[in-house]
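There are 2 protein chains.
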Amino acid sequence: MIIDIHGHYTTAPKALEQWRNRQIQGIQDPTQMPRASELRISDDEIRESIERNQLRLMRERGLDVTIFSPRASFMAHHIGDFNVSSAWASICNELCYRVSRLFPDHFIPAAMLPQSPGVDPATSIPELVRCVEQYGNVAINLNPDPSGGHWNSPPLFDRHWYPIYEKMIEYDVPAMIHVSTSCNPNFHTTGAHYLNADTTAFMQCLASNLFEDFPTLRFVIPHGGGAAPYHWGRFRGLAQEMNKPLLDEHLLKNVFFDTCVYHQPGIDLLTRVIPVDNILFASEMIGAVRGIDPETGHYYDDTKRYIESVDMDADDRRKIYETNARRVYPRLDAALKAKGR
Amino acid sequence: MIIDIHGHYTTAPKALEQWRNRQIQGIQDPTQMPRASELRISDDEIRESIERNQLRLMRERGLDVTIFSPRASFMAHHIGDFNVSSAWASICNELCYRVSRLFPDHFIPAAMLPQSPGVDPATSIPELVRCVEQYGNVAINLNPDPSGGHWNSPPLFDRHWYPIYEKMIEYDVPAMIHVSTSCNPNFHTTGAHYLNADTTAFMQCLASNLFEDFPTLRFVIPHGGGAAPYHWGRFRGLAQEMNKPLLDEHLLKNVFFDTCVYHQPGIDLLTRVIPVDNILFASEMIGAVRGIDPETGHYYDDTKRYIESVDMDADDRRKIYETNARRVYPRLDAALKAKGR
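Read top to bottom, the protein sequences are chains W and Z. Position 47 of the first sequence, counted from 1, bears residue number 97 in this note's numbering, the numbering being contiguous throughout. Position 57 of the second sequence, counted from 1, bears residue number 107 in this note's numbering, the numbering being contiguous throughout.
Here chain W stands alone, though its shape is the one from the complex:
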């Protein structure tokens, strides 16, 4: 079985974006604020948006199950206040839940949180609870920078975030550390802000003792870990200067990297440097890079091709494709087992 742990609902029907635009207008003019019930998307529309896109490509590429969360760049936690984010997260999470009900063999949801700059993360817990308990979500996406590129929240090792971690541990769900749209003109969203956030989150874990406080907390660093694997020697050396344990012991029981690296040399480096138990198959499809690589004739984001080309034994490849995901996402494993998979 091949599990893609990083998919977003980037192809939702247009009505979603139109509702969001009305909501954003409603921030200035409350008489224009739409109610959640005004968003009407039929099951057929959802089916079509998935069958023609993600599911088609999953079938073509031989992927079985995708952990599916709301579109990352649309989370845009910097827009409006907690109430705005709360209504928006609720709608987006419900849509991913509906996808998972319409295609129960192929999609299982992960939740976005109703984060908002300067707002206590504990306010996100009711949505987290709802998504896990009612919608069967197996993970959350945690945005370390709800400001969208101004980076004015405390680092991930700050107690600011601990209420979320406590709930994650209670439910045994991991968090993918994933920022959203950048509203800082310095940072291109998918070409800089995403990768910078990955590197930043990794270094925050390295520089702190967060996993001493939470030995079972699990973070997935997407986009192949940002710059971390490429600079693994730098990070090993920095940990050494800070008198931290070796990275295996210090971080690698808690930090995992996905395979959203869109060329063979990058995947070769990732699999050479990072222990196989810490690599989770993913493609973030359909996402930031949708084209066909003229050097290969295949989609950049067809990451399975790169994994297939790595010289590794079948057991290791199975870890990356399936067994690591079952271990890091126990609720995914339970859901699959409940269906005899």
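Please note that the accuracy of each hint is not assured.
Pairs count within a copy or across copies, as identical chains cannot be separated in the list.
Simulated pairs of lysine-lysine, BS3-like, Cα-Cα distance not exceeding 30 Å [as the list claims (entries may be wrong)]: (1) K64 to K294; (2) K294 to K387; (3) K389 to K294; (4) K387 to K303; (5) K217 to K387; (6) K387 to K64; (7) K64 to K217; (8) K64 to K389; (9) K64 to K303; (10) K217 to K294; (11) K294 to K354; (12) K354 to K217.
Since the hints were derived computationally from the structure, they do not count as laboratory data. In this text the structure is predicted, and so the values were computed from the model without any measurement.
Based on these hints, arrange chain Z on the given structure of chain W.
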């Protein structure tokens, strides 16, 4: 000949730091502000600080010449105003100039600029002129984020920066895009802020048409280009979606990467992905990572060992060690040739 294009004077005599601390106190209490003339560092002190450190390691490793600039993390452009940065840059650049006079066969200076948040970059030009014309500097370090991690200056493609670029072209000097200390608790200086800035700068170049306006402008992206080579497929794909030319044509006449990547797999990826003409030997020694790698028994920052282990022919290795640097830094080439080297 082996040229290290990325060295900083991280080992300056303590008197420099003491003067700087007095200067910082003087921001609050102008009666305490020291004069430049109050900093007294003898030639012998400079000699000792270099001979025992950088020069010793250069000899041990077989490096001939280092392009030497003030300590990057101490630039700290976020401290004080233009006058504070101006006095500080002047002192630091003078010290690197003195190093180059005391060790003319081994060090050639590159300048820090007296940048300051919210201040027109054109105010840095007199120091740039002085460093090139009087001190023989062959390059500058340009800080794309003088705020130290708040990223509130315009991106590098903004006209804000054009006065600097015009002067760079007039003098035919490249800029290393190098941030300084982070005062944002989210960003560890050498473990996140440096690498993020490299990725950010690269993506700013990719997303813009800066090099159409300045076809001969040259940027060196340090620390192996941040995350760029590891995610080269992502960047090729993003350029394609933005209808930019292929990266070779769009960027690689203007953008160069150093080899400050502190493990073999990283250097292997860099040399596999980036054309050899765009790779410049560097170690940033003595810098962020000073320890010995227990996996190899050698210094993490002994990057020559990694280059030596790459399977490439002697001509390509010579490009990385010497001829690329002579091409990207024409004033370095001229200075070497003037000595028959």
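Hint by hint, which ones does this structure get wrong, listed from lowest number up?
Of the numbered hints given earlier, those the structure breaks are 2, 3, 6, 7, 8, 9 and 12, listed in rising order.
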